[in-house]
Structure formats: structure tokens, C-alpha cells
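> In the order they appear, the protein sequences are chains L and E. For our numbering, add 1213 to where a residue sits in the first sequence, where the first one is 1. For our numbering, add 36 to where a residue sits in the second sequence, where the first one is 1.
Keep in mind that the hints were calculated from the coordinates and are not lab data. Be careful, since some hints might not be right.
Claimed, not checked - A partial selection of chain L residues facing chain E, derived with a Cβ cut-off under 7 angstroms:
no.: 1; residue: Val1232
no.: 2; residue: Leu1259
no.: 3; residue: Ser1302
no.: 4; residue: Ile1306
no.: 5; residue: Gly1313
no.: 6; residue: Ala1317
no.: 7; residue: Glu1318
no.: 8; residue: Phe1321
no.: 9; residue: Gly1322
no.: 10; residue: Pro1323
Think of the CB as a built atom: it goes at the ideal place given N, C-alpha and C, for glycine as much as any other residue.
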Amino acid sequence: GAVVSQHPSWVICKSGTSVKIECRSLDFQATTMFWYRQFPKQSLMLMATSNEGSKATYEQGVEKDKFLINHASLTLSTLTVTSAHPEDSSFYICSARDPGRLAAEQYFGPGTRLTVT
Amino acid sequence: SQQGEEDPQALSIQEGENATMNCSYKTSINNLQWYRQNSGRGLVHLILIRSNEREKHSGRLRVTLDTSKKSSSLLITASRAADTASYFCATQAGTGGSEKLVFGKGTKLTVNP
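Isolated chain L, as found in the complex (with noise of 0.2 angstroms):
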């Protein structure tokens, strides 16, 4: 139980263009969300918490007109990087706890590799 999934993998975009990376929830509803962006060889940096039903919070410095976080239901988040560009290459990776369980863990999707050309 417990599994977060994204969509897609991996994505090439060219720079200007945006992308929507997915994040559901398969066996458990999520109302609170988290997205993470990871570049080579370095840690996790919070972006964002996403809430179902209203307005994401930003980590200071996230961009949220550039990042723009969507929580339409207990079971899926997005993430929409708007006009990329190339320094906006990274590894997106989102979370989510299960309200259903006591613990505090959280369960990470596998990821999403952007690159931006």
C-alpha cells in the first residue's frame, strides 16, 4: 500500500514551453501533497506544499506564477513549469503521507527527469 506515482519519467521540452508533471496517489487519498526538485548530487529542496482544494504554499524563493501547483482531487497534484528553460533541468520528485496511517513517513513518487533544451 502506500504508492505514489508521476507522470511522466522522464520529459525533453524546448526552452519556453511548458510542462505538467502528474502526481497521484494510488491506494490512499492525499490531502496534503509536497513537491521536491533535486538537482545532480544534491539533496531534496522543497518547493511547495500542495493542499487539495486550495492555494499551494512556496518555499520562499519558488516562483509560483513559474510553478504553478494544482490539487484537484484527494488523489492527484500537478506541477506545471511554465516557459522552462534550460536551468529549470532538473529531477522533480513529489510526496504525500497517508492520513490514514499514525506514522509520520512520507511516500515518494519515483520522479521525473526534465530536461529543457
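With chain L held as given, fit chain E onto it using these hints.
Below, chain E without anything else, positioned relative to chain L:
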């Protein structure tokens, strides 16, 4: 901002040996968690230790927490080549279900067969 700092940044050992990774943090926490990441993959939760706990075991994993020193260690005993991965500690400050995790920089472990 990142809170956890892992040490060492990289560790290379032989199969069968024990691997110890350390993590330090700066502020008060509710719990500390260890995650594993295989290259280019998502993270897998390994173990969680609460602030009122000092030691926890899970299989070949042993985690300690010293809140007075704001540090934790992860010990992997009898390591295997399949343990090769990056290991991250992450702290959680609040008790709410939506409380975010703050990750350290990670330790890259290589277990040589």
C-alpha cells in the same frame, strides 16, 4: 532551508562491513527520518525516530538520536552490494500531518562486492 547535514558525504566499504552515517540538525524537531535513494529514483522511507526516542532498530538498520547534540546516526550492519545508494536524513518539526520534511545533503554509500 536545509537543516540536516550528513557526514560523511561519501562512504565506500566492502560487503559485510558496517556502514555508519551521521546527521546533524539545528532546530527542535518532532521526529527524524532516514530515507534511501537509488540513483535517479524516488526516495524510500527507512525508519522514523521520534524526539522522545533514543534508539530504534529495523532489520539491519539501527538509528540513534541525541536531541541534546541535535544529531542522529544510521548504522547498516553486514552491508550488501544492494545497499549501494544515497541516504538522507530528514527532520520534521511539527506534529501535524501536513508538516514538511527538511532534508540533509545526503551520504552516498558504495558497497563493493
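> Does each hint fit the structure? Answer for all of them.
Now for the hints, and whether the structure bears them out:
{"no.": "1", "hint": "Val1232", "verdict": "18 angstroms, violated"}
{"no.": "2", "hint": "Leu1259", "verdict": "6 angstroms, holds"}
{"no.": "3", "hint": "Ser1302", "verdict": "14 angstroms, violated"}
{"no.": "4", "hint": "Ile1306", "verdict": "6 angstroms, holds"}
{"no.": "5", "hint": "Gly1313", "verdict": "10 angstroms, violated"}
{"no.": "6", "hint": "Ala1317", "verdict": "6 angstroms, holds"}
{"no.": "7", "hint": "Glu1318", "verdict": "4 angstroms, holds"}
{"no.": "8", "hint": "Phe1321", "verdict": "4 angstroms, holds"}
{"no.": "9", "hint": "Gly1322", "verdict": "5 angstroms, holds"}
{"no.": "10", "hint": "Pro1323", "verdict": "4 angstroms, holds"}
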